[in-house]
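Colleague: Here are the chains, one letter per residue:
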Amino acid sequence: MRITAKSAGAVAFAAVSALALAACGGGGGGASEEAGEDNKPDKLTVAAWMDFPQELLDSFEEETGIEVVVNRFPDGASAQTVLRNGLSSDGAGLSDVHLVELDWWTEMMAVPEDWAKLPEVPDRWVDWKVAQGSVDGAITGYGTDIGPLAIAFNQDMLAGTGLATDPESFGELIGGDDATWQTFLDAGRQYVATSDNYFVDSLTNAFQAAINLLPDAFEDPESGLPYDLADNTEVKDLFMMFADAAEDDISAGIAIGHADWGAGFQNRQWASVVTPAWMTGIIAENADGVDGWRIASTFPEGGGNWGGSFFAVPSTGPNTAWAIELADYLTTPDAAIDWFNETGQFPSQLEAMSAPEIAEAENPFFGDQRVGQIYGDLAAAAGDAAAGGYRGENFAGIQTLVTDGIRLVESDSATAEQAWESVVADFDALGFETAD
Amino acid sequence: MSTRSAVPPDARRVGWGQRLSRWDIKVSPYLYVSPFFLLFAVFGAFPLLFNVVVAVHDWHRRAGMGDFVGLDNFTWVLRQPLFWRSLENTFSIFLWGAVPQLVLALLIAAVLDQNLRVRTFWRMSVLVPFVVMPVATAMIFGQVFGQFGLLVPNLHELGLLTGSDSPFFTDRLLSHMAIGSMVVFRWTGYNALIFLAAMQAVPRELYEASTVDGAGRLRQFFSVTLPSIRPTMIFVTLTMTIGGLQIFDEVRLYDGGGTGGGKGGADNQWTTVVLYLYELGFGDWQDRLGQAAAVGWIFAMIIAVFSLVNFLLTRSISSSRSRAPRVTRAQHRAAVARARAVAAASTRPEAAAAAAPGRDGPPPDAPVHDTDVHEGASR
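Line by line, the protein sequences give chains A and B.
Numbering of the first sequence is given in the numbering used here, commencing with residue 125 and proceeding in unit increments.
Numbering of the second sequence is given in the numbering used here, commencing with residue 735 and proceeding in unit increments.
It is worth saying that the hints were derived from the structure and are not from the lab.
Each hint should be verified, as a subset may be incorrect.
To be verified - One side only, chain B facing chain A, incomplete, derived with CB under 7 Å:
#, residue
1, ARG796
2, GLN814
3, THR904
4, GLY995
5, ALA1000
6, ASP1001
7, TRP1019
What the hints assert, rightly or not - Reference excerpt, derived from the structure (chain A facing chain B, CB under 7 Å, subset only):
#, residue
8, ALA383
9, SER535
10, SER537
Just so we're clear, the structure is a prediction, and the values are computed from it rather than from any experiment.
Heads up, the beta-carbon is just placed ideally off N, CA and C, and yes, glycines get one too.
With the rest of the complex left out, here is chain A (with noise of 0.2 Å):
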């Protein structure tokens, strides 16, 4: 508690400076130029992963006359290997503008020169996108998605059970208003005993949504340093948690990027998914066929959110003022009403969350569900607390090492405490400086 307070302090003043810089440096950060006709480029570089609405890139080109080349990677993990190769060899192979993931973002900005400084756009964002898209008070990444977190289950498999039948009652199954980790657990070990496939795809999904509702996790907020893992009550306990799940074998063990993912919808492994709003679209490409999936309005511990990113632009690119406007442009409200049509992907814009276009589309997977409905309910019911806790330079390290304790179990391969146990050896192993 006295952390939460002390955390959420922090994002407030950091939230408050970045407003006050931009009043007093009127936008003017570390573009060098202003974006004009005469260092207009022919063309401008964007690297993302996920699929652009044409009409966005189109109605730019309109205006500018710049054609937007998209360079699209496979997944995240891809496009933060190019990204990262090119930061530590001075923007070799770069684009203009990059999408960075909210979970590596931290190692991204960790020189801040590398980023040119945005101007602030007031009152686009909610505030706490704006604070994680910030670097020292300075804005180095416009917000395009927050990933409010649901539960996608296929109310065919649970109804076979006798379970459930429909999203509501899915929502009383995992605990209602007052669902937790426990009870959404425990609605997993009920499903398995009498169903023929598992509750959910794999665990370390669910685990690291967990992970982020820490207010500090793994590092202390004011050195930045690594907790002594062995001793850190409350990741062990959530990690013990999830472990006996996971010898229960409520999961297939099966995560998003796995090569069998997609076989699994298929095949009808699995009854239920911890699914961020930006996975809607990859869960309809998936499970293309297989009737009867849905979205739940409830979520355990009040909600939370998982990924997100944000549109940033090299410091060394040839072209950062236009850039710039790029970046600003795929930013805006309107542009976030076509990526969620395009992709599913839910908006981090205020004017966005509220809009008509996104709050009444009803999804034809989802048995015609509204649901941009439902998940801004469930970021507006998340509220702050969706912003996630401390996340200092290793924090993305630790928890890849501690999730892969959770795969350990879910692959028989290990007990829950013989899995907690090579994971600390592990951390040990590694040889932090820790916090005390």
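We have chain A already, so just place chain B on it with the hints.
Modeller: Just chain B, lined up with the frame of chain A:
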């Protein structure tokens, strides 16, 4: 060009032409070979030497060179359990890839060496898997061994597997076998062709001679073919060792390589040394270029030791072969002596009769083959 043939009106032009041609002789050979050396200097020698600098420093991707740390990076690596685990994995995967590959390649080459119809078609066909990109091979095999692939559901049907998961992604040994099978798939045909080339160079008289001696096909394969292609086998084994220990694409993409993948499994069941090096230096978060460089050097040493063992092996085998001509030379001398004796005997018949039954060496034109066959059989 006309300077040489025609009488030049201008003496200076002759001098220029001569100088040019002298330079041509002196300089151009170096120019001709320089592309390789330039490329090697830039992409081979420089990174090798620079790696030493990186290995003794605290080095990070973005921040670059940090403090000098001496051998700390090396001791850090040697203390990592994951380094030793990846070393075990590397050698295990190497064995699972190399041994079946050698046996299969030899068998295929032996079959291709026979008088087949449409010979060229068969020879070309064995090379087809080699044309497939390693990345594609890894993706396809990853699917085959996956839970919903070709193999696992059928093994369930047969009752050979319990539980619905694919053990090829959880069990250490099975994952090594699966990755080894990719290596076998890709390289067997290539090595079979190399073996085939060596087999075709084996003198046909050896087969004829052994047939006369009553050897069957099997005996010929083990006693004639295998001993004759031994140098090629050593070459193939060496290249296989170097290539196999450096395996990367196949392990990186075995599980699809997407989010959370590509690291060699949740328990690092199939992490190889090169993958470990990559993850340390260029992976998602560790950013330990100094330590990664140290891994590179340690692994280079290990491969060097391995190559030394192979070199000694090669030498001992080649020296055992060089004994054969020595014996023949002695026999040759004996034969010459006998021939002289015979020649002398033609004038003195009683001496020739004494020399002929005492033949202790084969006649001068056959012995090379004979000793080879016997040597091969005795091994």
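Colleague: Work down the list of hints and note, for each, if the structure agrees.
Modeller: Consistency of the hints with the structure:
The closest approach between the C-beta of B:ARG796 and any C-beta of chain A is roughly 5 Å, which is under the 7 Å cut-off, so the hint is satisfied. Hint on B:GLN814 holds. Least Cβ distance to chain A is approximately 6 Å, under the 7 Å limit. Given the 7 Å rule on beta carbons, the hint for B:THR904 holds: about 4 Å separates it from the nearest Cβ of chain A. Here the hint on B:GLY995 is kept, as its CB sits about 6 Å from the closest CB of chain A, short of 7 Å.
With 7 Å as the threshold, the beta carbon of B:ALA1000 comes within range of chain A, its nearest partner Cβ sitting at about 3 Å, so the hint holds. Given hint, B:ASP1001 at the interface with chain A, holds; its Cβ is 5 Å from that chain's nearest Cβ, closer than 7 Å. The restraint placing B:TRP1019 at the interface with chain A holds, with a minimum CB-CB distance near 3 Å, inside the 7 Å limit. Using the Cβ-Cβ criterion of 7 Å, the hint placing A:ALA383 at the interface with chain B is satisfied: the shortest such distance is roughly 3 Å.
For A:SER535, the interface hint holds, since its Cβ comes within 7 Å of a Cβ in chain B; the closest pair sits about 4 Å apart. Among the interface hints, the one on A:SER537 holds; its C-beta lies about 5 Å from the nearest C-beta in chain B, closer than the 7 Å criterion.
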